[in-house]
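Q: Next come the chains, spelled out residue by residue.
There are 2 protein chains.
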Amino acid sequence: MSDISSLVEARFDPQRHNKYATLMAAGNGYLGIRATHEEGYTTQTRGMFLAGLYHRAGEEEPRELVNLPDVVGMHIEIDGEIVNLLAGKLLSYRRELRFATGELRREAVWESVSGQRYTLLCERFLSRHNNALFCQRISITPHNSECCINIATGIDATQTNAGRQHLDETQVRVFDQQTMQAIYRTRSKDAHVAITCACLVSPRAQVSFSAKNRRLQQHSFCELKPGETLTLDKYCLIERWLDGEVPKEAGQTSLAQLSACMEQGYEALLGASAAVWQAWWRQCRVTVQSATQGDQRALDFALYHLAAMTPVHDERSSIGAKGLTGEGYKGHVFWDTEVFLLPVHLYTQPEIARQLLRYRWLNLAGAHNKAQQNGFAGALFPWESGRTGEEETPAWAAINIRTGLRQKVASALAEHHLVADIAWAVVAYYQATGDDAFMAKEGVELLRETARFWLSRATEVDGALELHDVIGPDEYTEHVNNNAYTNYLACYNVAMARHFSKRFAKPDEAFSSQLDDFLARLRLPQPRPDGVIPQDDTFFSKPTIDLTRYKANAGSQSILLDYSRAEVNEMQILKQADVVMLLYMLPWLYGEPVLRANLAYYEPRTIHDSSLSKAIHGIVAARCHEPEQAYRFWREGCQIDLGDAPHSSDDGIHAAASGAIWLGAVQGFAGVVAMQDELHINPALPKAWTSVAFPCCWRGRKLYLTLTHQQLSVESDGPVMLHVCGKAVEVDGRADFFIPASGSGTSQEGI
Amino acid sequence: MSDISSLVEARFDPQRHNKYATLMAAGNGYLGIRATHEEGYTTQTRGMFLAGLYHRAGEEEPRELVNLPDVVGMHIEIDGEIVNLLAGKLLSYRRELRFATGELRREAVWESVSGQRYTLLCERFLSRHNNALFCQRISITPHNSECCINIATGIDATQTNAGRQHLDETQVRVFDQQTMQAIYRTRSKDAHVAITCACLVSPRAQVSFSAKNRRLQQHSFCELKPGETLTLDKYCLIERWLDGEVPKEAGQTSLAQLSACMEQGYEALLGASAAVWQAWWRQCRVTVQSATQGDQRALDFALYHLAAMTPVHDERSSIGAKGLTGEGYKGHVFWDTEVFLLPVHLYTQPEIARQLLRYRWLNLAGAHNKAQQNGFAGALFPWESGRTGEEETPAWAAINIRTGLRQKVASALAEHHLVADIAWAVVAYYQATGDDAFMAKEGVELLRETARFWLSRATEVDGALELHDVIGPDEYTEHVNNNAYTNYLACYNVAMARHFSKRFAKPDEAFSSQLDDFLARLRLPQPRPDGVIPQDDTFFSKPTIDLTRYKANAGSQSILLDYSRAEVNEMQILKQADVVMLLYMLPWLYGEPVLRANLAYYEPRTIHDSSLSKAIHGIVAARCHEPEQAYRFWREGCQIDLGDAPHSSDDGIHAAASGAIWLGAVQGFAGVVAMQDELHINPALPKAWTSVAFPCCWRGRKLYLTLTHQQLSVESDGPVMLHVCGKAVEVDGRADFFIPASGSGTSQEGI
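Protein chains in written order, with the working numbering: chain E, 1 to 751; chain Z, 1 to 751.
It is possible that part of the hints are untrue.
Copies of the same chain look alike in the list, so a pair counts if it fits in one copy or across any two.
Said to hold, decoys possible - When the alpha-carbon atoms are kept at most 20 Å apart in a straight line, the in silico EDC-like pairs for lysine to aspartate or glutamate are as follows: (1) K727 x E245; (2) K212 x E61; (3) K506 x E96; (4) K408 x D435; (5) K89 x E111; (6) K189 x E61; (7) K408 x E61; (8) K225 x E146; (9) K248 x E267; (10) K727 x D168; (11) K687 x D644; (12) K702 x E678; (13) K330 x D79; (14) K189 x E60; (15) K702 x D517; (16) K212 x E60; (17) K212 x D650; (18) K408 x E169.
No wet-lab data here; the hints were simulated from the structure.
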């Protein structure tokens, strides 16, 4: 594990402050802290977010993930000059996020405006051993002059969500001339946050404290000789009570806890956290040998952020579309979680997949409410969720600045496929784990309540059932009838409800026959003779245009600068391809010819303006035994966050795209795919990859797969049935399989 | 008038960003705009404030002057590099606020990090012709290279008051692909603000608009050849409706108004505003010939800011302790207004003094409420006021960060002298104007209601009346009995109520005899044999300490780093000297020996930690014929904002100290003093001053006084009675008087 990669920022570039603040963010699932610099820059947006801490700043505001008071910022003055790397000369600069340990480390040699040189070293980590603990260390060494250093840092509650503030101070104190503590309450009085922090400075500094304008700060003053180093260690505990009051003794308990941490010291605390990271990497890491620089880093990056964003400590929280790295999408949870993130957990830490489904199950009441309010039965999960299960999608989209009118957000009203996506994930979880207890309680209820929604959602036309006025994943095509993705997934949802009800639910004849009737009558768009499945009833009737120029700017929605949304809706223009997505989700539906036909038809019509698009195209291409095409898509998918675009990650990481990096490697190139309750492995490694190896959980077994172009090695901690290149094999212990060039056969070499 | 001075900032210093943002703030009494730079710096706090627009961000928050959405900021990129004067090289820099016209002009030659040179010229003014109009012009000229320039600017509603946001967006639009308009409502829904703005760019630029995260912006893109200049003119209208709804047609009206402004163009609009400034300077300016550089500038600075802070358009607004230049003191109005600012207006534009008193009169209901709530009768004006007349003093002071306990703010509960200060100002206004109509309606009511308060405030002790548990202006001595300042001023208040009631109020025997009784029995601390008047009953019994080191840091409250407030209270330590202040306020009470005795006794015990302190000491010293001592105090008073301290003006100008610069020149050195209904002139010019000249209004006459060490010249637009160096003279037209060296005599030379 010593070769786990790092993300390096080699240049100090204000245009990329927010990009790297996102990419290098610290996270442990409980807390996320953007990697903003200690010293202030207007080009960086600070951010600290607690999983599940949402608040509505006003009646007409959407509920959003609260951007907490800042603890990262430090105002540093050397001989009266404010340290700012834009000023003076930056003689060297390097910042590195070590994925292996979660350490962020920045080293700079800076010449001040007055011509003095200093080495600045800034280190920090968010503990995975003690979720609430965040530690920073800053060291300053003057090269050739004596100097006086002032550092002011503490807790800055002027932080807002783009101007909106959610917290009131209820207590601000300094204990024993050392420890600062501030307790905050959301303005609705529902939740509380306590931040306790202290700074230790060496050599001994003059210290004072101030509390003004919502900033509680320690001011440290120190004189240094040339070559001498000032070190300031800052220890913070960030705690929250999401429902109700702060226990009376909480403040005192935090002081004691922080004091215990400080006794251990920075290095020991880092060691304890790093040990948790190490164990986790052993459980999850994908190792690749690639001719292309950056592939391993992309995989490490993706898994680092998966760990950072996943609230394993709290089943009432799920994963927002930006994780805990920014204010984007208000921290809300979308279908991305079940379809792009849950599968990663399912094959590495299946208990987390279960927990993510528990989150939905615990929020069934909200889904029932939403269904009822919209005139449907069963469970209609909210398009965007926070912690309560209520629909959190802003009622109104951004104002059309030309007309001055606001547009209703249609997704919450018509993008109903997420109901079936959740059901899909329930089944995927069960198939991969055989967790009867879950299926008997949460699973079957989720399947039946979501199925009940679809029964009520259908419209009868000439005796058949149709799903009208929906939006599929492709949001450039709105309000259509019989969207292929939605209809097939709804069908699957209902079929699985019927299937699992037989074993796990009390018999209910009436409901069963309703399910049967739905399945018998639901219209499923069929492939044309050339294999192409219509995306919806009217799709083929729409004109096409040349999309080359928009595809070149994929992700930027540049088409909307030339055409209105209404105009785009009336052409064969896709943000992402629904049918390709459908074929990815239900791989047993159609064979390779249909996959090829639809990939060939839809890809030229797809701009890939959604960050969910390319990775799925890549996996489907791999399943068509087109590994080079798949690899191109995968590489491009990796660039969504890791590419050069300076601002596309400003408001947070693309969580789903991170998941998709893993999906592409494991489900795409390694070809690991659950075909109902069979685990198939149909590799299609790109030329650039010599090998790929990764752990994989399946039905209670822990497997470790190592794949080259010629061979698959499997290690299993017990007997397990696999389907390698189409042939059923049982593995117990270690087995190597020869991979034929065509990918169409296999021969077992030994066990 | 061509020699009206400028304030120049010769060096770009981030440590002084907020100082100069305050000192160079634009203001027209309606609106104040901090002089922050167009480009962003973390070291500057943006601020735009509308007189009278206060709002409470939450139930437990104090009401504060709302910091409005920002219009000043511009994000400028040249060839992809963000313009930031800290980066690259600043080859020249100069910023100048022209007091004559209110123009702010910044010129810089900047070499970018990539080595290209540019001249940047930024100009702006807030119109005095059209209060709502703010204009900016930015010009960029590349010296030696082609370049691409992007400028993003518009309306940024992420602005907060130290993290607190007061406004909700109700409408955000772009009209005709040119004009941005945003309408905001205070969260309490009481008041509305509309900001309408447009940018004109030459040469022709590519323009687009965005509205995201509470920022409405125009993005302008332009390519320049070397030597070619990009000019962006930004025109903004900032309007408000302080009570109730925005009229339906308001948005359209603003568009039409802005359009009309843009047709006139930047230069013409500046001309119209400058003309108003010019006329105003003729009415108010003090011209000095001084050997000390900066004296004229200090006077121009003071008057500029007096114009900038005074809401002549709205009698429901008064002047906050920081004017409209910052968030300090939450924008609240204190006794500073009546005592330090109103007199300036009284002698230059007496109708404004009348209006400021009307503000108090209109808020009598609040003063009655406060009296009642505190168990008193009559009018107890709030210690801090906003627009409604309610007490706005925060209930709790800053948390004691050592104990964690909050302290009650005592001023609102015991600093009652402001009641008498308001009465004092009413009488001063009447004496200077003879405005019977005002006295008959507002004046006498204010006098009687404030007097009624004092009647109820007194405590009977051995047959005498005493005022117990008060705080005088000296806030380092709290909760004392018979504070000399308070008792004498209360006595004056009641005496004037009695005096003016005779002529202006309906006879009320009972009330009259109550007033008589109060005056007969009120204890007035008498001078000791050496002439020193005790500040309060226990003052002389307290110990003294050496204050040299604290006096050296006057204004910083450094004493509180060594002693607690409670300890300071038990020593003869003054923030400002109450008895000196008393002798300033009621100059007819005691002769020069008593003045000298008290100045000599109290000054060594006074740290001058209040910005109100030095100027008053200076005036009293001048009245003692100690012009050099007076001049030292005056010079030091000028340094409160104009001195070197980098941060003391960060949160706004010291409004009272600005007023005191004028007071020192006119009431101190020129010795103009209203002794009841006589205008006395007893000059005491310092050696450094060759002459001082200023307009002066008295009893309906406009005088212009020119003073040298030897001579006083008076011009009057009609017959007026003056007392020059103790001798009564009548002037009509022009008269010159010889000033004897001792200042004790006079001889008229001719009329």
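Q: Enumerate the violated hints, using their earlier numbering and listing them in ascending order.
A: Going through the list in order, the structure violates hints 1, 3, 4, 9, 10, 11, 13 and 15 and respects the others.
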